[in-house]
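Q: Sequence:
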Amino acid sequence: MASSARNHHEYLVINILLTITLTCLITSCYGQEPESTLLLKFKSSLQNATSSLGDWNQSVQLCNGNISNWSGLICSNGKFVGLQLESMGLSGNLDIDTLSQLTSLRTISVMNNNFEGTFPDVKKIGRLRGVFLSNNRFSGELPDDAFAGMKSIRRILMANNEFRGKIPTSLLGIPKLVELQVQDNQFDGEIPAFSQQDFQINVANNRLEGPIPPQLSSQSASSFAGNLGLCGKPMPPCPPSKKKKKGIPIVAIILAAIGGLILLAIIFFALFLLHMNRKKPSQYEKSSVKNLNNKAASHNHQYYPNNDKPDHHHEKYTRSDKGKLYFVRRDREKFDLEDLLRAPAEVLGSGSFGSSYKAELPIGKPIVVRRFRQMSNMGKEDFHEHMRRLGKLSHPNVLPLVAFYYRREEKLLVTDFVDNGSLASHLHGKRGPNQPSLDWPSRLKIIKGVSRGLAYLNKELPTLTLPHGHLKSSNVLLDHRFEPLLADYALVPVINKDHAKQFMVAYKSPEYMQNERLTRKTDVWSLGILILELLTGRFPANYLKQGKGANADLAVWVNSVVREEWTGEVFDKDMNTTKHNCEGEMLKLLKIGMCCCEMDVGRRWDLREALDKIEELKEHDDSHEEDYSSNYPSEGEMYSSKAITDEDFSFSKNA
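Mapping of the sequence shown onto mature numbering (1 follows the signal peptide of the UniProt record, and there is no 0): residues -31 to -1, 1 to 624, in sequence order.
None of these hints come from the bench; they were simulated from the model. Errors might be hidden in some of the hints.
What the hints assert, rightly or not - Computed list of lysine-lysine pairs in DSSO-like fashion (alpha-carbon distance at most 30 Å, straight line): (1) K399 with K414; (2) K399 with K542; (3) K145 with K399; (4) K466 with K349; (5) K202 with K466; (6) K417 with K582; (7) K361 with K582; (8) K202 with K145; (9) K293 with K349.
Please read all numbers here as calculations on a predicted model, not as lab measurements.
With these hints in hand, go ahead and build the complete structure from the sequences.
A: The following block contains the structure:
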């Protein structure tokens, strides 16, 4: 009995040891490695990660509260919850198998990089709340079950890649999905019938066709633009389905023939009367048309930094330019194209997009007509929809669109005439003997108005990557009170892309020149350059260069001066700073400008942060001993792009 009990005891001990051993083996096989080990393994699958992820060190704790000690990590309450590897020049493979072992991972963002290949199999990480792949070079078809089982995902951004095929129907089974961006790809087929609540979608610039699902009819038309086969609200109606033709009775054919002959006779008679009564153009009409075509430019209110001087020889209106002006505002008295052709006019300039004319109408105040020839890639309905959208904008610092004219080969945009010229003309043009320069209070007022107008465009045009896209001093007009008005905004969707790349300010940004990528922070970069131009009085020479290769010369110069020492050498002497006791406030604005035109998009301020800091500025210093650098980033500090919200990785709620 004793021997039997001893054997039984040994058997139990062996079983326990085997169980422990198997448990350890199973635990090891199923990825219970430290998060730091798994992240370093994931990093090894990436290319060009040495510099951007150089601080990934296993001996360093991942998170400290909500602060990450490793670049590109998102932390919440001391716990690693997401990857935000944006604008780092990364490529290689996304090791999804390794990431799937990170049990706390809730969001992945690799936007604005150089990843290629097929769609990563993210459904292996079924607990994800956000997947952000926009602005890469992913390609190929997505499996229909690409998102199967991902019940928690809320936001999927895959814009500006090379995906093709059908939009996966597995997206329909995601109850919490609130945003899907797949614009600027090559998806085809029909749009799935999404039915999620508070759902936002953007499928612009693909190859989709068929009726838009009724559940999406309240979305913006711009979210469906660039798909020639789509129809139904908010796009043009779908053509009626063809019905089987019935035989036409012989009596109906005879009656139709008689009616046609009578109608033809009436038309001939009307044309005869019209020919007999037609008047020759009056001398006034001849003179007015000549004025619109050939009158010399007035240089008193405009400045042309691109040498865009008036050219009256190849840009001419003719009486054959008949058509309809479409008014987008109800608070203006209407006129037609003939009224415009008869009006005395002067040429304001002939730039890279076309000519500008000031027309004096007998009704109301003068207007400006902008003539565009580089807008031929957008169809009529999409163009009308975009212009109507711009016509709804109303802000004290945004120049309102009054009317537009559409023809395939050219477009006209009508706005109010702003009598005090552009900011560029005041900064760089020749002043008259009695014309004062812009002092600090005026410049502060201007930059506050510009930032408010830009913030308004960002709010009202949320689906546009570039709500402005062409922000520069010649597109900031000043009224008689020196209140700024933003002009030439939101034109990126309608300007032919090749032409936009050559001339538009957004395409001079560091992120486009380095990676050919544009983000919502690109307009912030333009704002930063404008701030530096306004403070230094120097024109950004890079704007004169066409296409790629243009560097932010002004920002480079300012940085070089600032690195030497903080002196007043950088500021425009015309501001008369000693009179206003404002050096400290000017220094604050200079630092804001530098944070806005930071070359690294990840470290660049977002617009809200810049606006808040600009609003704090004053005309006069409160104290000479104030530390002006305490609220601004030192070199090397990281600022999140805010592309990922708390909801995307807050797994503690409703997980």
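Q: Each hint needs a verdict: does it hold in this structure or not?
A: To see whether the hints hold, each was checked on the structure:
no. : hint           : verdict
1   : K399 with K414 : holds, 22 Å
2   : K399 with K542 : holds, 16 Å
3   : K145 with K399 : violated, 59 Å
4   : K466 with K349 : holds, 17 Å
5   : K202 with K466 : holds, 27 Å
6   : K417 with K582 : holds, 10 Å
7   : K361 with K582 : holds, 29 Å
8   : K202 with K145 : holds, 25 Å
9   : K293 with K349 : holds, 13 Å
In this structure, the one hint that does not hold is number 3.
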